[in-house]
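2 protein chains.
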Amino acid sequence: LENIRNIILIGAGNVATNLGYAFRDAGLNILQVYSRNPAAAEALATALNAAFTHRLTEVMEGADLYILAVADDAIAEVVSGLRASGKFMVHTSGSVPMEVFHHFTGNYGVIYPVQTFSKDRKLDFRTIPVCLEASSSRHLEILNRLVSLISGDVRTVPSEQRRLLHLAAVFACNFPNFMYATAGKIVHIARLDFDILKPLILETALKVQKIEPDKAQTGPALRGDRKVMKAHLQVLRDDPEIKDLYRRISRAIEAMEVSKS
Amino acid sequence: LENIRNIILIGAGNVATNLGYAFRDAGLNILQVYSRNPAAAEALATALNAAFTHRLTEVMEGADLYILAVADDAIAEVVSGLRASGKFMVHTSGSVPMEVFHHFTGNYGVIYPVQTFSKDRKLDFRTIPVCLEASSSRHLEILNRLVSLISGDVRTVPSEQRRLLHLAAVFACNFPNFMYATAGKIVHIARLDFDILKPLILETALKVQKIEPDKAQTGPALRGDRKVMKAHLQVLRDDPEIKDLYRRISRAIEAMEVSKS
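Protein chains in written order, with my numbering: chain A, 1 to 261; chain B, 1 to 261.
Next comes chain A alone, as it looks inside the complex (with noise of 0.2 angstroms):
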């Protein structure tokens, strides 16, 4: 076994349906998809001229990998129903120690993609950061050149570091979506569209590929301009959440240490 060249798909939401097109595409044969929804299962397998079922008893064996791209709390689950034993299997979650799996294999690892997918959103993997981990060496090298083939960021992250990176994640994001989504509702609010803030939300995530973010910082916050945040708390009045949250996060900017220019 030194190259994958069969991949068993567990798993068809976001994450499985985008390595799946990236393995696919990368010439790999993706033999089957399992899904708990029998009609996620069918519709990826579809496209990826795969088999399917919604039973874990009817996994094929014999694939020269397993990935397990389901939701974090499933995955114990999922494996103890596989007949795990002499497959070689990875999950994809940023939270789950690769330890998941010793109880049940004797090969196992993981690929954590460093992206946030839909389905319906195909994203192009050369430029997505892949984290990987293995259980031995071998199975690491093998993981390797199978990842190599769609990204060109492949990285070695230990479960723990891992765990720290999907910290991050969350704040680099699901928080700045979660603001984009108050930002929504207060254009909504002045009767205006969504539209007008595009451009500025996609301009502060460019600015930070070419620039570290604590030199990136703008705003009433960081200029410690009180009469601006204190009118922005009148504005908030009827929403002690989100003025709570806005009162908080500006405190956390003002202490920022940063060359105010």
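For the record, the hints were derived by calculation from the structure and aren't laboratory data.
All C-beta atoms, glycine included, are put in the ideal place defined by N, C-alpha and C.
Do not take every clue at face value.
Per the computed footprint, the stretches of chain B lying under chain A, defined by three or more beta-carbons under 8 angstroms from a beta-carbon of chain A, are [claimed, not checked]:
hint, region
1, 81–91
2, 117–123
3, 143–151
4, 169–180
Given the coordinates of chain A, work out where chain B should sit on it, guided by the hints.
Positioned in the frame of chain A, the structure of chain B alone reads:
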């Protein structure tokens, strides 16, 4: 006075620099740049082939438009120092009402670009939304013609709407950037480079160019994944301020009314 030809820039910061380049590139004449910082005035004026001064009393008479792109709390002071009577003046602030000019001159307005600017990032104005307001419909029309030379998205937005929009911009730009900075701190603790988060940050911003952010929300808080959130809070135990923010933002995300697909 039907078309603006000659502009004086009051201010040489991020907004003045970007507006100055955009108007210059559109064929307008930047007569003079004022900044209380002589080096900043000279640097921008030189780039724009304009005169410069750091004394308000030396600001020239006779320009078609005076654009005040200075800090919010400096606007009133600067106007009063400009012998403003008879001059057509605008400011570029999101949060200062247009009526700040009322006691000083009869013709005034606001040009508020909804964007974050840096001196060293010369942005393409064509897609930047620019909000206008003016003291008369005639002056609104003049500003509209002027700003349409640089932007394809010019809108009339009165002070009260603009104040809300500026608050939304804090949530769309300043707060996400703070989240990026916090994410950067966390990856550094993991001895990883901020680079690893860049594709994720960019895709998060690109996604909401296509779908509304409340439909783009992902992550442990949206899934109600208590186990992951508890582990994240454990990681953050030594930083009570960030831990508290994590908890509060997560709670607000859990309360979002979205289709959790």
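Verification of the hints:
Check on the region 81–91 of chain B: 0 of its residues sit with their Cβ under 8 angstroms from a Cβ of chain A, so the three-residue criterion for coverage is violated. Residues of the region 117–123 of chain B with a Cβ under 8 angstroms from some Cβ of chain A number 3, which satisfies the need for three, so the listed coverage holds. Requiring three or more residues with a Cβ within less than 8 angstroms of a Cβ of chain A, the coverage given for the region 143–151 of chain B is violated, as only 0 such residues are present. Remark: the region 169–180 of chain B is confirmed as covered by chain A, as 12 of its residues place a Cβ nearer than 8 angstroms to a Cβ of that chain, reaching the required three.
Checked against the numbered hints above, the structure breaks hints 1 and 3 and satisfies the rest.
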